[in-house]
Amino acid sequence: MKLLKRVYLGLILFFLYIPIIVLIVQSFNAGKSRAKWEGFSFHWYEELIHDPNIMNALVITLSIAVLAALFSTILGTFAAIGIHAMKRRPQNLMLTLNNIPMTMPDIVTGISLMLLFIFTQVERGFVTMLLAHITFDVPYVILSVMPKLKQMNKHSYEAALDLGATPMYALFHVILPEVMPGVITGAMLAFTLSLDDFTISYFTTNPLVQNLSTLIYSQARKGIKPTMNALSALMFVALLVLLLVVNRRTKEEDA
Amino acid sequence: MEEQRLISLENISKHYDGVTVLDNINLYIRKKEFVTLLGPSGCGKTTTLRIIGGFETADSGRVMFDSKDISGIPPYKRRVNTVFQKYALFPHLNVQDNIAFGLKLKKMPKDEIARKVDYMLDLVNLKGYHKRSVESLSGGQQQRIAIARALVNEPEVLLLDEPLGALDLKLRKEMQLELKAMQQRLGITFLYVTHDQEEALTMSDTIVVMQGGRILQIGTPKSIYDEPQNAFVANFIGESNIFPGVMVRDELVHFCGVDFPCVDSGFGEDKPVDVVIRPEDILLVGEDVGQVTGVIKSVLFKGVHYEMMIDAGHSIWKVHSTTMQPEGSRVGLAVVPFNIHIMHPMEDEKPTEEKAQ
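As they're listed, the protein sequences go chains A and B.
Using the numbering used here, read the first sequence as starting at 79 and increasing by one per residue.
Using the numbering used here, read the second sequence as starting at -13 and increasing by one per residue.
Accuracy of the hints is not assured; some may be wrong.
Said to hold, decoys possible - Think about it this way: if two alpha-carbon atoms lie no more than 30 Å apart in a straight line, the pair counts; the simulated BS3-like pairs of lysine-lysine are: (1) B:Lys166 <-> B:Lys18; (2) A:Lys228 <-> B:Lys117; (3) B:Lys166 <-> A:Lys329; (4) A:Lys228 <-> B:Lys208; (5) B:Lys113 <-> B:Lys54; (6) B:Lys72 <-> A:Lys232; (7) A:Lys232 <-> B:Lys304; (8) A:Lys232 <-> B:Lys288; (9) A:Lys232 <-> A:Lys165; (10) B:Lys208 <-> A:Lys232; (11) A:Lys228 <-> B:Lys102; (12) B:Lys102 <-> B:Lys117; (13) A:Lys165 <-> B:Lys166; (14) A:Lys228 <-> B:Lys18; (15) B:Lys54 <-> A:Lys329; (16) B:Lys166 <-> A:Lys232; (17) A:Lys83 <-> A:Lys300; (18) B:Lys288 <-> B:Lys208; (19) B:Lys96 <-> B:Lys63; (20) B:Lys63 <-> A:Lys165; (21) B:Lys92 <-> A:Lys232; (22) A:Lys232 <-> B:Lys63; (23) B:Lys117 <-> A:Lys114; (24) A:Lys165 <-> B:Lys72.
Hint data in this document are derived by calculation from the structure and do not stem from the laboratory.
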């Protein structure tokens, strides 16, 4: 029975990860053929670094991710503090409204943002993609800051006022330091989500401003170059590390 | 006496979602007085404290501080400090920075802050705890830091909201004495909120008994214990027997089927009254010499005394005595006139027979 359990679990994990393993193995394949192993090599990684399109997309991806994480963390943190201060009923309403965008399919979010930009005659490009990323990141930030606010002693803020702090001083010197772990988790989550987004980015940018995932997509239509294997492998590893860190932080906070 | 009034509440009322929390509260607090707001949960005592602290605003009425109306002044501009129920220490700051929080806001020089923090830690018996994280401290220690953090600002009034509620009995008793000693040494006015009548009796100069958003009685611990104004106060402060009776004439009251001589007068003739007798004031005597005779229904050993429930005159009498009588035996009961306390019956429906300890 125990053996059966292990085999079952092993099979599931195998089928789950086999595509990614193939991808990573292929990225080290010296030859161009995807069917034949022609020896181990870093060739495609080197080519990757020297490809201006890819490097350009990398810069855009990282700038979008950093900026989106920054703005959504600021917006989301203060929003969470505001929602937390509300009475129960409006608070529940706000949290429900906050949850809906997260459950919405990316394609819906992407197309509706695209329509909004067309409707308002905003030219699509870097700024619209950034705005879109901030939009879908904010709910996640609110969701990771909220539990920290709930854990806080409800009189902490009043205690600060009592000791002579203005509401502003209390916000920055008492509330923010107390919820900081949640804020950092939220920022990392926003960064990760932004890094890995394809669908929403695809609808909110123009063909000249590409992030890595939209670039991979447009190149794949012309036939996949082995450099894409290397790029995908790198993205996988980067996201894996980020997710592990975020998970670990959430677990520590819960403990 | 008027100029000694530090805080006055004038006609304070407060409602939450249509529920009356405070109903026309009038109260004044003198300088250096230890005042306790005492009552069951939901009686409005914490709301009263929070209105003085500035965390809530009254719907109507004024809060006067040193003869100035401070009703609209925010908490950070009031010369009062608060010790909160669950301490509300700042977990991201160590002990020293928690205590120094208010002083830093006043832009006090560093060496003076350090000196004051040292003094406060000394005062609350936590010398050398400067760098400890507040989360590593026990409940009692956290409570002391919370008191130090408030007192270091030298407030004119210290507000304490059930500060000892989370501590165990022994620690609570120690802290009661310490707080009282601290208050006398520093000469600061304390306004203390508790539901524990024993705590109120031990520490206070003045007790304010509250129920249902109203003040029932204000007085010294002794006057409240000895002369409760109605059945609720009598029941809430200490243990008591409350019997419905009829005032036959001045200094003679009829209850439990017998006429008892008493010392109260001015209630009129044949008027319904409530009669209060403390359990320790009932004497057990021989069956033939008592004013009323009864049968002992149950005996409980309480440490200092025995608590006996005695059925006499179709009522149950709670009696405290240091000598035990066996269950089922017949005894006589006697009460000296001075220990019979007569009250006007409560107009409202009688509160349920709940006892605080």
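task: Hint by hint, work out which the structure violates, then give me just those numbers in ascending order.
output: When the structure is compared with the hints, numbers 3, 4, 5, 7, 8, 10, 11, 13, 14, 15, 17, 23 turn out to be violated.
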